[in-house]
Amino acid sequence: MPDSLLFGTEVLLNGLMAGVLYALVALGFVLIFKASGIFNYAQGVMALFAALTLVGIMEGQVPFSHLINAAFGTDIHHFGWHVPALVAIIITMVVMVFLAWAVNHFVMRHLVNQEPIILFMATIGLAYFLEGFGDLMWGSDIKKLDVGLPQGGSFWIEENTQWLGFGNENFYGFFLDKLDLVATVIAAILVAALVIFAQYTKQGRAMRAVADDHQAALSVGISLNFIWIMVWSVAGFVALVAGIMWGAKSGVQFSLSLIALKALPVLMLGGFTSIPGAIVGGLIIGVGEKLFEFAIGPYIGGATENWFAYVLALIFLVFRPQGLFGEKIIERV
Amino acid sequence: MLDSGRTEETLLEVNNIEVIYNHVILVLKGVSLSVPKGGITALLGGNGAGKTTTLKAISNLLHSERGEVTKGSIMYRGANTQGLDPAAMVKTGVIQVMEGRHCFEHLTVEENLLTGAYTRSNSADIARDLEMVYTYFPRLNERRKSQAGYTSGGEQQMVAIGRALMSRPETILLDEPSMGLAPQLVEEIFTIVKDLNEKEGATFLLAEQNTNVALRFAHYGYILESGRVVMDGPAKELRENPDVKEFYLGMSDEGRKSFRDVRSYRRRKRWLS
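Protein chains in written order, with full-length UniProt numbering: chain A, 1 to 333; chain B, 1 to 273.
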């Protein structure tokens with residue numbers, strides 16, 4: 001096989017893996033959008049906050065240590081213990097559920113029946129609040145997240161794909177990151193679970209009902225507060241998973257919250273209301289931007305990854321505004 | 001028997017309630033009514049008379065629209081219900097079918113019906129009630145797998161009523177079931193309501209602009225005008241009443257009326273004051 005084809009295949013595979021990570025972030029958006037019609041601008045920050053909390057708990061950091069030290073003149077930073085990753089993840093999940101409750105109790109509950117734009121503004125406020133709150137709670141330095149996920153390239157795949165080169169001496173097998181592989185598996189499980197939840201369970205059905213019509217959902221006895229806390233909790237869980245994956249890949253730092261911007265074109269492509277859409281959209285963008293960079297990039301000066309996704313999303317907005325899998329916009333005449 | 005209205009046990013009692021929207025707009029200025037068990041009670045009146053507001057005050061859906069009951073009380077089976085949230089109200093046995101149908105458009109017809117059973121947990125009972133709804137609304141059985149958003153207006157009204165039935169309600173507050181439907185369908189829906197009332201023993205409080213149809217099917221009627229009850233009585237008496245005939249049924253002893261007729265205007269004024 002010729003070099004370029006082999007290399008192209010490797011780019012494609014890596015694109016798929018990157019796409020899975022985009023999809024993970026996009027999923028959180030889809031969940032909240034489905035259930036409440038809110039575009040949750042704070043989803044990226046939630047991933048950051050979840051990752052910060054996870055690291056903080058694992059390292060035994062004292063929350064608000066800067067504040068405490070400043071107020072009482074103490075000098076405490078760490079409890080001096082280390083919490084195992086699994087326990088820390090569970091505690092973080094509890095924190096995310098509490099966050100969901102707080103968001104609903106202090107913000108969303110008061111905005112029932114308001115215009116979508118008002119809800120959107122509220123989430124922007126929430127994003128900035130949460131960003132500052134995370135800083136205050138855990139400090140703003142860059143942290144390393146190690147929950148025991150495998151790192152580095154997979155030699156097994158490299159060795160076992162070498163024969164694909166058919167004697168080509170420049171080919172040593174495909175190079176794939178182990179972390180990406182794990183992320184793919186986890187994302188697949190997560191998506192399957194979420195689809196089953198939304199389509200076939202009572203609470204999932206209630207969630208979709210709330211998304212369609214708040215008033216009617218209220219009238220049949222669905223508690224909006226409960227559904228919203230539930231949805232924000234699930235979104236918090238998805239944010240936690242995304243935070244772990246991105247955090248393990250590139251460290252826990254402020255720029256983690258910017259992955260939200262990567263999720264936007266994914267959503268336009270896949271549709272704001274479709275869970276499978278978020279996945280397929282993520283994959284298309286991941287593969288698309290890598291392949292485009294590989295094939296066309298060199299002719300137009302490179303650095304196409306920054307804008308390719310947005311151009312693709314724009315094209316979609318023109319020809320298929322609801323996205324690939326979005327709910328058809330029902331208009332009866 | 002039921003035509004005499006109040007002889008049966010009273011389920012719902014609304015005592016002189018006043019409702020204010022957004023802290024300033026006074027919509028109900030003292031509405032009182034009582035709904036007997038097993039009856040169909042009609043709430044009649046034109047646009048803006050306060051029919052919908054009365055129903056929402058009872059089902060406690062007012063709060064999400066920034067409305068508030070400021071005076072009076074609402075009693076269900078002798079207990080004050082104003083502090084309950086809509087979900088608790090459904091569990092008590094009172095459910096509202098909202099005006100304009102309000103189906104969950106992206107859910108299938110069957111999923112819509114099942115959301116009505118949200119407050120219940122016995123799945124065998126729920127399955128049985130689903131079959132019951134399908135026997136009353138055979139059309140829904142044919143369309144059980146289609147998205148509710150793509151069904152016709154009449155079918156959507158059936159979905160809305162069927163969905164309410166799935167909560168096993170004692171009292172159904174039915175808001176404007178005839179809205180936007182062809183006369184034939186209105187007749188079909190009201191016949192089913194009558195059926196449900198007679199066979200399942202469901203109590204109905206229905207708000208209607210279509211006085212003619214409502215008075216034919218209801219046992220007792222209240223007429224609302226700008227937030228007040230101006231007249232009430234058994235449906236049969238209301239049908240015979242010359243004022244009701246003239247202003248709501250468009251008939252009078254002297255044949256058809258013209259809007260320019262001064263006498264009619266005077267009589268109306270005297271009635272309202």
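Calculated from the structure, these hints are not laboratory results.
Where is the CB? At the ideal position from N, CA and C, for every residue including glycine.
Check each hint, because a few of them may be wrong.
What the hints assert, rightly or not - No more than 16 angstroms apart at the CA atoms, straight line, and that leaves these computed lysine to aspartate or glutamate pairs for EDC-like: (1) K262/A - E111/B; (2) K91/B - E170/B; (3) K178/A - E59/A; (4) K202/A - E170/B; (5) K199/B - E237/B; (6) K178/A - E159/A.
Claimed, not checked - So these bits of chain A aren't anywhere near chain B, every CB distance computed over 10 angstroms: (7) V94; (8) V112; (9) K202; (10) A206; (11) A211; (12) D212; (13) S219.
Evaluation of the provided hints:
{"no.": "1", "hint": "K262/A - E111/B", "verdict": "violated (34 angstroms)"}
{"no.": "2", "hint": "K91/B - E170/B", "verdict": "holds (10 angstroms)"}
{"no.": "3", "hint": "K178/A - E59/A", "verdict": "violated (24 angstroms)"}
{"no.": "4", "hint": "K202/A - E170/B", "verdict": "violated (23 angstroms)"}
{"no.": "5", "hint": "K199/B - E237/B", "verdict": "violated (25 angstroms)"}
{"no.": "6", "hint": "K178/A - E159/A", "verdict": "holds (14 angstroms)"}
{"no.": "7", "hint": "V94", "verdict": "holds (26 angstroms)"}
{"no.": "8", "hint": "V112", "verdict": "violated (5 angstroms)"}
{"no.": "9", "hint": "K202", "verdict": "violated (7 angstroms)"}
{"no.": "10", "hint": "A206", "verdict": "violated (6 angstroms)"}
{"no.": "11", "hint": "A211", "verdict": "violated (8 angstroms)"}
{"no.": "12", "hint": "D212", "verdict": "violated (4 angstroms)"}
{"no.": "13", "hint": "S219", "verdict": "violated (5 angstroms)"}
Hint compliance for this structure: hints 1, 3, 4, 5, 8, 9, 10, 11, 12, 13 are not met, and every other hint is.
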